[in-house]
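If you want the building blocks of each chain, they are given just below.
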Amino acid sequence: MKGQKTITLRTVTNILIHVLLAVLAFIWVLPVIWIVLTSFRAEKGSYVSTFFPKSYTLDNYIRLFTERNVLNFPRMFGNTLIIAVFTCIISTFIVLAVSYSLSRLRFKLRKPYMNMAMILGLFPGFMSIVAVYYILRALGLSEGSMIRVALVLVYSATTGLGFTIAKGFFDTIPKSIDEAAIIDGATQWQIFTKVTMPLSKPIIVYTILTSFTAPWVDFIFAKVICRTNSDYYTVAIGLWNMLEKEYIHDWYTCFAAGAVCVSIPIAVIFLFLQRYYVDGMAGAVKG
Amino acid sequence: MKKRSDGTGKQSGNETGAQQRMPGAGISLQSALRYGDASTRLSALVMGAGCIAHRQVGKGILILLLEAAYVVFMIRAGVSNLLAFPGLGDAVQEKVWNEAKQVYEYTAGDNSLLILLSGIVTLFVTAAFLLLWVLQLKHSYALQEAVNSGSHIKNLREDLADLLDGKLYITLMSVPILGILVFNIVPLVFMISMAFTNYSKEGDHLILFDWVGLRNFGKILDFGGNIGRQFWSVLAWTIVWAGFATALNYIFGMILALVINRKETRAKSFWRFCFVLSVAVPQFVSLLIMRTMLQPQGAINVILKSMGLIDAPLPFFQNEVWARVTVIVINLWVGIPYTLLQVTGILQNIPGELYEAARMDGASAPVIFWRITLPYMLFVTMPYLITQFTGNVNNFNVIYLLSKGDPTSVGDTAGRTDLLVTWLYKLTVDQQYFNYGAVIGILTFIVLAVVALVTYRNSASYKNEEAFM
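For the protein sequence lines, the chains are A and B, in the order given.
Numbering of the first sequence is given in my numbering, commencing with residue 1 and proceeding in unit increments.
Numbering of the second sequence is given in my numbering, commencing with residue 1001 and proceeding in unit increments.
By construction, these hints were calculated from the structure, which means they are not laboratory data.
Among the clues, some could well be false.
[What the hints assert, rightly or not] BS3-like, lysine-lysine: derived pairs with alpha carbons at most 25 Å apart:
id	chain 1	residue 1	chain 2	residue 2
1	B	K1167	A	K111
2	A	K54	B	K1305
3	B	K1138	A	K111
4	B	K1404	A	K245
[Stated by the list, open to error] Among chain B residues calculated to face chain A with C-beta under 8 Å, some are:
id	residue
5	L1206
6	S1278
7	F1434
[What the hints assert, rightly or not] Computed list of chain A residues with no C-beta within reach of chain B, every gap over 10 Å:
id	residue
8	R68
9	R110
10	D171
11	E246
On a predicted model such as this, the values are computed, not experimentally measured, just so you know.
Virtual Cβ for every residue (Gly too), placed ideally from N, Cα, C.
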């Protein structure tokens, strides 16, 4: 009798927990579903009275990639792609070089550099954004097509401060491999390029993909540096503008379509990277 | 010319150097100037001379060229930059009637901002030059010692090869450090120095401004003044927000992770996927959607109304209390999946014996959570929590994209949900009160540094490193 009671109690708790999880999962997925539905919605405007669209259409996507007069989304997409590719190349090199040095090489400025990175991390990220703009202007990078160069520099130049996850990865590669290579007469450069890098594919992939996504999701730096040069806007500014008062009625459903277009690649990258993200965090916490 | 004179100096220099050399004296700037031979001492004036004299001609010429570049820079711009730096310029731009052309012409006035920037850049260049000066002096002395003791002197080729071997860190780190210097440290110093000027639209000081010492700090910290009152209320809200956001995310995220990881829970990876999906969508997209959904005419209000649940739209971002609760709740939506991702691995590492012992003693699930899981997690993840807290103090996205800091009282620059960072952004980018923005940036840094230091010092993982070992 008593055993049966505990079994039913357990079943009830289990059911309750699964229902709770289902409700929570629904809340978490709801905005995602909403945006996908909105991107296929035929009625315009952001004010709707039903959750599901009354009729479905692909026009939002077509309009997003064909209409180039008001908000030139295809051009923004191209801009962001170019910027992302170059940012990705430069910052991958920087992040790997810095994390490898901090993890494997020993030099006088190692600890001071890590302390400096920690202190710089405590300042609000864009506190210096206005100053950065004036420096870019002094370098002659604030007008015309140089804006793209400026954005690449802004996104990649300071990535040397974000070494935690990659360093955590390099820390886990046994030092004895390096020592064996040194005995075989390898230079440090050969160890870096021919021994450690081939062992570090996961973290290389991780670094490439994270630095590729940065320009797609940033709108603060892009907004301050592009100012009114709409020819060089990135998708983030474009999407932001679609929700401004003058555009929101006409462009809300296109905004949803654009958001879906930007989110899909980033979501795929993120889900793919999840594992490294968790591992990297665990490494970082372990110290 | 220089090279030859260095060469002749070398002979005599070596002898005196050998006589005066103290056995075991370290390589320092002092010893270099005191015991260095003629060429080493000459390096103090003609940089690189010591290198050239000690068979490192290529390196010496390179250093000499750098010195020449610095001298040219200082003559052409540097000196005037430094001279203007203390005053920040005072020539006002004026309109002058040009009789010949029959038009008004503008005289070039001083631009304080450019003077400030070029002054700071000159100071940085000078600091780098001084560093080079010290290093090459020391290097020259070390070379002299090496020559005297007859050890091998590296030639340029070997030096370059060393950059890929023993000194690989120089090769790998110099570009990143240069990037950080130009795009992080110099701008930061530039911005910090603005805190000590009157650079703002207040009193029309956008082109010409001056040093004002600590006056801005006094104004911001002053309870009585308008901006001071705003500062203290924003600061208080920032701390409340960061505390709630961090603690709630952490606890709920952990409970969620525990529930999903329970032995009896089915389809674990499906549940995890549902929550992680929301992280995968770029934050600015999901937050902008939330924002439009929560407007008075937005989807949520309209749907609730048509269902007959409410009469008037809910004031998500119009009422102070509503707005504050809304941003904290939505931040849970944003943050819990992150916590879930991060604690899952650590939760599985909790030693099983702890749980078994607790169950033997008859502890219930909540007791186990509060007495074992939470202390253990707090212990292991304290550094992570501190980063979370600082991240939340600096959480620009959630506030700016959701509420834009609103509701804002008339006449205030800071809204009721503004954090220090979003206020800083508004003050500098939107409102052009650069001096106050800079002060707030500095104060934010101080708050964060104090919090980070105090929590870390008081955390169990600092006091007792072996509690759970």
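Cross-check of the supplied hints:
{"no.": "1", "hint": "K1167/B / K111/A", "verdict": "holds (17 Å)"}
{"no.": "2", "hint": "K54/A / K1305/B", "verdict": "holds (18 Å)"}
{"no.": "3", "hint": "K1138/B / K111/A", "verdict": "holds (22 Å)"}
{"no.": "4", "hint": "K1404/B / K245/A", "verdict": "holds (14 Å)"}
{"no.": "5", "hint": "L1206", "verdict": "violated (12 Å)"}
{"no.": "6", "hint": "S1278", "verdict": "holds (5 Å)"}
{"no.": "7", "hint": "F1434", "verdict": "holds (7 Å)"}
{"no.": "8", "hint": "R68", "verdict": "holds (22 Å)"}
{"no.": "9", "hint": "R110", "verdict": "violated (8 Å)"}
{"no.": "10", "hint": "D171", "verdict": "holds (15 Å)"}
{"no.": "11", "hint": "E246", "verdict": "holds (15 Å)"}
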